[in-house]
Amino acid sequence: METDLSDKTFVVTGATSGIGFAVASALSVRGAAVIGVGRSTERCRLAAHQLRSLNPKSQVDYLSADLSIQSEVRRLAGQIQTLLAARDKTALDGLLNNAGTYAYWLTLTPDGVELQWAVNHLAPFLLTCQLLPLLQAAPCARVVTVSSASHYGARINWSDPQLRRRYDGLQAYGNTKLANVLFTQALNQRLGTASTVRAFAADPGLVKTDIALKGTPPIVNWFWKIRRSGGISPAETAVGIVFLLTEPGIQNSPACYWKHSHPRRPSRPARDLASANRLWALSEKMCGFHLEVNHDTVC
Amino acid sequence: MTQFADRSAHRSYVAITGAGGGLGKAFAVECASRGWDLFLTDLSPAPLEQLAVSLHNAYSIDVVVYPCDLTDAAARSNLFETIRSTGLRFWALINVAGLDYEGLFYQQTSQQIRTIIRLNIEGTLDMIHSLLEYRDPLQVFRIINVASLAAFYPMPVKATYAASKRFLLDFSRALRQEVRGLGATVTVLCPAGMPTTSACIQAIRAQGWMGQITTCDVGRVANQTLNAALAGRGLVIPGLINRMLQTLGALVPAPLVAALIGSRWKSAHQKSALDQRLAES
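Heads up: the protein sequence lines correspond to chains A and B, in order.
Take the first sequence: its letters are residues 0 to 298, numbered as in numbering that gives the first Met the number 0.
Take the second sequence: its letters are residues 0 to 280, numbered as in numbering that gives the first Met the number 0.
In isolation and in its complexed conformation, chain A is listed as follows (with noise of 0.2 Å):
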């Protein structure tokens, strides 16, 4: 039985293609109001069109942002802010942090960051902070984090937790899809059992996406669609994610990693809370604040 989520709105990031459209269709099909983010403003238009298409009645809002610049992601939670009280809405009832990128080479953002530490996990930690106020006033809300099976094996390397020193990009990947758990245990760990806000972490499974056709050479390109063939559709997976974003029956589950509605076992260092603690405290001051949960709005 689906819930109905005619009241409800939704942050997706990295929503103009694969998982991220995926879920923002999902979510606007069944009545939410939608909140694309992308990095392009052209691409934005085009999906913002196709999900309008899909759903004439639906509201489907896009902003854009370049994820990799935190100056960038304050603006954009500044605009989200914004956007909702133009819509005569208080709160957020769900974040979906998609975005994700993949570099062969070692790319340093403006403020000096690798590209994807600051894309696949820089970025939805402080976008999550800085629209926690928005999701706290929700009666229930979820920040969902796509993580994916490749923090299998990854291991944060706290003397060069970027890997810049001795970079390669699969297994920088692999260590901001572990970075991508240990958010969401900390996330939850500060937030409290009683908190109206919960996180969790999804893996996706192998999904037809583009994501290592972007920038990297043809060796990469030719590998990435021989693998992506034995893959699931990203509308396939984006059921899973939209369980998470939605499912009210899961709340208060202790369960902080998911795959296809399933609760399913991260690696051992995901489950390190000591790590969680160190790499919230180095992702704050990479982003340089410090969050202060309010809790007064447990319910």
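Hint data in this document are derived by calculation from the structure and do not stem from the laboratory.
It is possible that some hints are incorrect.
What the simulated footprint calls covered on chain B by chain A, stretch by stretch (three residues with Cβ under 8 Å from a Cβ of chain A suffice, anywhere in the stretch; the number is not a length) [what the hints assert, rightly or not]: (1) 18-31; (2) 41-54; (3) 203-215.
Idealized CB from N, CA, C, for every residue including glycine.
Following the hints, complete the assembly by docking chain B onto the known chain A.
Below, chain B without anything else, positioned relative to chain A:
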């Protein structure tokens, strides 16, 4: 953070030119992660400011930024005058600022050729000359000059650039001997192309498999070079294949090397130009 006021008299800085992007930024991040205070310069102010704020937050270091056109002698004089009047002291200088307008010499403008020489040679030498004066007397002064693997060969399509880097290579080796008595060291870095911008990545791709195997990540190069400088080494060539190429290249007569490189680079240059035209169309 970016103002000059209230500097502790005991702070000592690492100066990095061309710090706004690519290898310069990688050096800045690597130094910051080691907890070193930084003095950053580059042409445009906005990227420097943004980087300075982030590095200050992330690594709790002091960062001074001073945007400057190092091809302009008057701008350089202003920079040195500011350093003198504020009493900043340095224990290292990393000269990264350099440029190339890739293409055939006779197709380049005379302004472009002058700019290559002014930035790669004049700017670098002027920085070294002045900062030696403002070095921290209590520490060994480390100079790192970024030349290029191109410094070892006459390189058609990059003729002026390669020769300017050859200048830096020979100059650095000679200066190293001169400043030994001052308690200073000179390390010259000769890297192959690095994937710093989408244009560079495009150029590496245009070189095919040779581009792929000779390319090293900037983070690794910055880390390796700083370690080498601290150990007082004179020359750094990142990448085993690049070191082998350099050794082999030294055995082949220069005119033959020029002919071989010419045939490879001309075709890469044409392919790159073609890719660009296709992308634009």
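Taking the hints in turn, this is what the structure says about them:
1. 18-31: holds (count 6)
2. 41-54: This one holds; 6 residues, not fewer than the three required, reach chain A with a Cβ under 8 Å.
3. 203-215: holds (count 3)
Going through the hint list in order, the structure satisfies each hint without exception.
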